[in-house]
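A.B. asks: Numbering follows UniProt numbering, in which position 65 of the sequence shown is assigned residue number 65; successive positions increment by one, without gaps.
One or more hints might be untrue.
Unchecked claim - The calculated BS3-like cross-link candidates involving lysine-lysine, where the alpha carbons are at most 25 Å apart (straight line), are:
#1 Lys69 x Lys58
#2 Lys69 x Lys148
#3 Lys59 x Lys69
#4 Lys58 x Lys95
#5 Lys95 x Lys59
These are computed hints drawn from the structure, not numbers from a lab.
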Amino acid sequence: IGGYAYLDGELHVRVNLACDAIMRGLAESYGWDKTNLHFLPTPTDAYIISDTVDNAVKKNIEDAPAWQKRLEVLQSVGKMVPMVTLTTTAEDGTKMHLSDSLMATQGPNYALAKRIQQWRSILARDNGATVSFSVAPATATASVLSNKMFAAAYGGAHFWEPVEIFYSDLSNAVM
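When you get a sec, could you build the whole thing from the sequences and use the hints?
C.D. replies: Encoded structure:
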């Protein structure tokens, strides 16, 4: 069962609640162990990342051109770059980092709708379901580009290696 619905504003929360109820209902009827749930979470959210990914982020920042380094103020004003806000070590010794890439410009409805998907994924997996939670690439959809801030950011993304913006046809093909 795929949870791929999107609507603007508070309707996004409503459609995700409806999808969640359908997924939960089907899983409870047929058995969690016979259920496969699929989501395409956003790259602009908060996630646990590995030490390898954290090191790659740090290297990209270190290797950035001087003009980009001068723009580090964006990290605190407008929050346009991800921030690692917490580092911890798992019981097995694996280092884990919380990468906060949540964008305030997306609004609370979008964040809540995506959080519902994360929570359902965690609960479903804990109940024995198979879960696919593959972060979708940044995609220049009509909805994203209708936000002037995102349109400007996507238009200049090619200056910020390794950031790459996909178009819907390519995102649909790879996801």
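A.B. asks: State for each hint whether it applies.
C.D. replies: A quick look at each hint next to the structure:
1. Lys69 x Lys58: This hinted pair holds, its Cα atoms lying about 12 Å apart.
2. Lys69 x Lys148: holds, 24 Å
3. Lys59 x Lys69: Holds - the C-alpha atoms of Lys69 and Lys59 are around 12 Å apart, at most 25 Å.
4. Lys58 x Lys95: holds, 15 Å
5. Lys95 x Lys59: holds, 17 Å
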